[in-house]
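Just so you know, the sequences run in chain order A and B.
Heads up, the first sequence is in my numbering, so the first residue is 1 and it goes up one at a time.
Heads up, the second sequence is in my numbering, so the first residue is 1 and it goes up one at a time.
Bear in mind the hints are in silico, worked out from the structure with no lab data behind them.
Any given hint might turn out to be false.
Said to hold, decoys possible - Cross-link-like lysine to aspartate or glutamate pairs, in silico, EDC-like; alpha carbons within 20 Å at most:
hint, chain 1, residue 1, chain 2, residue 2
1, B, Lys-222, A, Glu-109
2, B, Lys-443, B, Asp-429
3, A, Lys-136, A, Asp-205
4, B, Lys-208, A, Glu-135
5, B, Lys-222, A, Glu-89
6, B, Lys-222, A, Asp-368
7, A, Lys-253, B, Asp-429
8, A, Lys-112, A, Glu-135
9, A, Lys-253, A, Asp-330
10, A, Lys-331, B, Asp-429
11, A, Lys-270, A, Glu-466
Said to hold, decoys possible - Only part of the chain B face toward chain A is listed, based on derived beta-carbon distances under 8 Å:
hint, residue
12, Tyr-75
13, Glu-199
14, Gly-202
15, Tyr-217
16, Gly-312
17, Glu-346
18, Gly-368
19, Asn-402
What the hints assert, rightly or not - If you want the footprint, here are the derived chain A segments under chain B, 3+ residues with CB under 8 Å:
hint, segment
20, 68 to 75
21, 349 to 361
22, 411 to 419
23, 470 to 481
Just so we're clear, the structure is a prediction, and the values are computed from it rather than from any experiment.
Glycine included, C-beta positions come from ideal geometry on N, C-alpha and C.
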Amino acid sequence: MPLATVVTRASVLAALLVCQAGPAAYAQQADAAPPSVNAAAAWRAASRLGYAPTPASAQAAEAAPRAWALQQIDAAYAASRRPAAIPAELAGINAPLGDIARGFYAERETRKSQRQETPKTKPGAAMADANAGPEKFSRDMAQSAAAWRLMSCSDPALENPLLARMTEFWFNHLNVFVGKGPVRPFVGHYVVNVIRPNALGRFEDLLLASARHPAMLLYLDQAQSNNRGINENYARELMELHTLGVNSGYTQKDVRELARILTGWTVNLKDGEGFRFAERLHDKDGKVLLGRTFGSEGVSEGEEAIRYLARRPETARRVSTRLASFFVADKPSSALVDRLAATFTATQGDIRAVMRALVESPEFWAKDNQLFKTPLDFACSALTAGGGVKERRDIVQTLGFLAQAGQPMHGWQTPDGYKTDAGTWLAPEALTRRADYALALAQRTPEPSYLNAFFSTATRERIAREPAQSRAGLMLASPDFMRK
Amino acid sequence: MNSNRSSSAHLIHRRSLLGLGALSALSLSAGMPRVWAQAVPSGRQGLDSGRLVVVFLRGAYDGLSAFVPYADGDYYALRPNIAIAAPDGTAQTALKLDKTFALHPALSPLLPLWQRGVLGFVPAAGLPTPNRSHFDAQYQMEVAQSGKTSSAPGWLNNTAALAKADAGSAAALGVGEANPAILGGHAAVRLIPRGQSAERTGVLANDKTRQALLDLYAGDDKISEAFRQGAGSRMQSAQELTMQRTQRAAMAADKSLDRDGTPANPQAQTAQMVAASNGAADPVGLQLDAQHLGTLMRNDRKLRLGFLSAGGWDTHANQGAVNGQLANNLGNLANGIAQLRQDFFEPGDVIVVMSEFGRTSAENGTRGTDHGFGNAMWLIGSRVAGGRWHGQWTGLARGNLNEGRDLPAHHDYRAVLAQVLRGAFALGDTQLADVLPGAKWDKRLDGLFLKA
């Protein structure tokens with residue numbers, strides 16, 4: 001068997017090299033007719049303010065792309081005010097924090113006693129145990145959180161597509177890592193209760209909500225920082241990544257001062273509060289952050305500082321730059337960023353207003369402002385084209401693809417979040433691996449023929465030559481489907 | 001009191017340098033091309049003369065735990081809970097290297113390399129000025145330009161560009177990251193994913209599917225070009241790595257046959273092969289990636305530059321000491337480096353381990369360490385003057401620390417890299433200036449490489 005495989009591979013390689021030798025043969029296909037102007041705009045709007053058009057949204061967006069895009073903002077905002085439609089089997093991620101904490105502690109205890117009881121000579125026994133009981137609580141919670149993200153990014157009946165997009169953006173901006181032990185079971189709760197409801201609200205409310213959530217408090221070690229020994233981690237990233245941006249003028253001294261302001265901000269998991277301000281762990285001496293004095297006002301000191309950072313012009317610029325890079329172009333023009341930042345400042349950080357300015361900008365619609373799909377874009381759009389997540393296999397395959405592609409769900413270890421530009425994700429071998437995922441997924445997907453309206457003539461004609469059962473996979477694996 | 005200490009081998013050299021203080025100051029301050037002090041070694045020059053593998057530890061690893069300054073009382077005073085105990089010959093203490101430093105016990109697989117004189121380090125290197133942002137500092141180190149935030153080519157890509165132009169063939173191979181900045185730029189590079197998926201051809205194995213995909217990606221746009229290039233290199237990578245795995249499994253099965261006798265039937269033989277290849281010898285994680293890198297660079301001799309990275313070093317809380325999260329990470333790293341050395345043992349091969357900055361000399365309030373400045377850079381290779389450390393070391397007395405808290409960066413990381421590039425590839429002044437724009441030669445590091 002292995003030998004036969006090797007032989008096949010060798011001949012396959014030879015064949016490949018031969019066919020690569022003649023690009024001229026395909027030159028006529030490169031002049032392929034593009035889709036209509038409205039179709040291109042609809043593709044752009046639906047792929048960026050969501051992940052992909054559905055048959056219904058394709059029609060609506062193509063009829064009036066700009067109006068449709070603006071409607072999405074209001075619809076997403078309205079959806080963010082309503083509770084998330086989390087399917088019953090995943091509801092655990094949205095349980096009260098106290099329940100999640102109890103599950104986490106029970107898991108720890110079980111693991112501890114298992115370690116003591118399991119004889120080391122019987123690895124099989126330990127394996128069997130690991131498949132049952134409370135010790136897989138965190139793993140289940142992490143999987144449920146990831147499943148919710150995949151279901152919500154691919155099914156408009158379950159979640160407004162732009163709200164799923166904004167949830168992705170803000171989660172990435174305020175990233176937490178599911179691989180860090182105690183953070184693990186809280187990631188889903190953070191997505192649903194911190195990111196989603198604030199995704200089109202005011203930036204400072206979002207920032208403050210993240211600052212008070214166990215996932216963030218534990219991820220950046222703020223929960224452990226106190227007046228007896230501070231930990232600079234959260235304070236630094238709060239300024240460097242969440243608000244002002246690097247090289248924006250703050251100093252190491254400012255990092256220390258902000259860390260001192262936040263001493264006493266910790267978690268209380270046992271009583272289910274989640275956040276707790278521990279007065280006796282708070283540094284009560286005066287502090288000076290970015291030239292502004294903070295007295296001893298307990299928890300309000302930290303709240304003030306966070307709102308103060310959120311309102312700084314450097315923050316408006318940083319957030320606007322990130323939004324423009326995410327939605328418009330890898331390197332957005334400074335004119336666009338200026339306009340978004342002005343809107344951000346004028347509206348006290350109203351994300352909905354900034355998004356409106358973004359969609360109303362000529363840059364959003366400009367043909368030259370190309371974006372290449374990230375692995376997550378690609379996965380969510382492929383799932384959308386197939387009508388959403390239908391079975392467990394869809395989730396397992398998608399999470400496997402994302403991990404292998406370098407964008408595991410909730411799996412970026414450091415607080416800067418994933419990059420989203422083509423420079424990061426357009427890599428030769430990685431591109432061929434998208435085809436593996438697309439063809440696997442498409443074995444269960446009917447042909448999404450409504451997408452043909454958005455594809456070039458060359459792509460349509462080449463796929464039409466294939467047998468029906470191959471077409472769905474090739475559509476999802478085509479170059480046309482890689483752009484957004 | 002706080003006079004510079006240095007490894008004994010270097011004392012004489014250092015003194016003579018001090019005697020020529022005026023001259024060395026002159027050579028450090030003058031402009032680049034003319035002051036490369038050390039003569040370019042004669043003989044072969046360029047990428048053909050060596051190979052370089054860079055292992056980047058993302059998140060700022062704690063060099064003071066890897067190379068423990070055990071003779072420095074300040075080290076134990078600054079780190080009451082997380083210091084590594086001074087060597088006493090037992091398992092729970094550091095492994096003595098010399099009278100200044102000892103190795104973290106989790107790095108014990110690397111001790112033989114030190115003893116054989118192929119592992120050395122520069123204990124206090126870093127960016128020219130402190131930058132405590134991981135992401136900013138990493139980017140600057142990858143493009144080898146300080147203060148640079150807009151896009152610039154990575155210095156490994158600059159190095160790859162020195163390879164004799166050979167249509168379509170890459171001189172650099174990256175494992176694991178989608179498109180690391182250090183490899184970004186115009187020169188062609190090969191990138192494979194982490195783990196076993198690098199061994200799979202996937203849908204390209206099917207002739208019809210592959211042809212349909214290549215037809216779809218026949219255009220001259222960037223995406224289509226990337227796909228065609230990726231299809232070719234993926235088929236090749238997967239084939240070579242699969243063959244390598246098959247051979248290893250067969251060898252392991254042979255061994256077990258010698259010991260256990262002939263298996264009764266083909267199923268038993270298969271089971272035996274599977275058992276052999278799934279045994280302790282089958283590497284995972286960084287070690288598997290290192291093995292993939294070694295195999296592909298062995299098979300394609302045009303590949304002269306390799307890149308690997310490992311994360312999880314940002315130990316702000318509960319970093320542990322002899323055991324714990326940092327020790328686990330160091331253990332995995334040691335296995336990866338030891339694996340690399342199995343493939344990179346030729347005279348011109350060099351492995352460099354580096355990180356964006358070091359961590360605070362003192363532990364913080366949560367038994368971890370915060371962002372610091374100077375850090376140890378490791379060098380492994382037959383031409384490395386190993387078994388000793390190089391450059392300046394001034395201990396952990398408060399007055400000698402940067403801002404009273406961090407190791408200083410006595411040596412610009414680019415000066416270390418310049419020594420490496422000359423040591424591995426005998427690069428001339430102009431080439432060094434192309435790869436590391438603005439870097440200056442640091443004579444205090446002369447002697448890092450043995451004369452060819």
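In ascending order, which of the hints set out earlier in this document are inconsistent with the structure? Numbers 1, 3, 4, 5, 7, 9, 10, 11, 12, 13, 17, 19, 20 and 21, in rising order.
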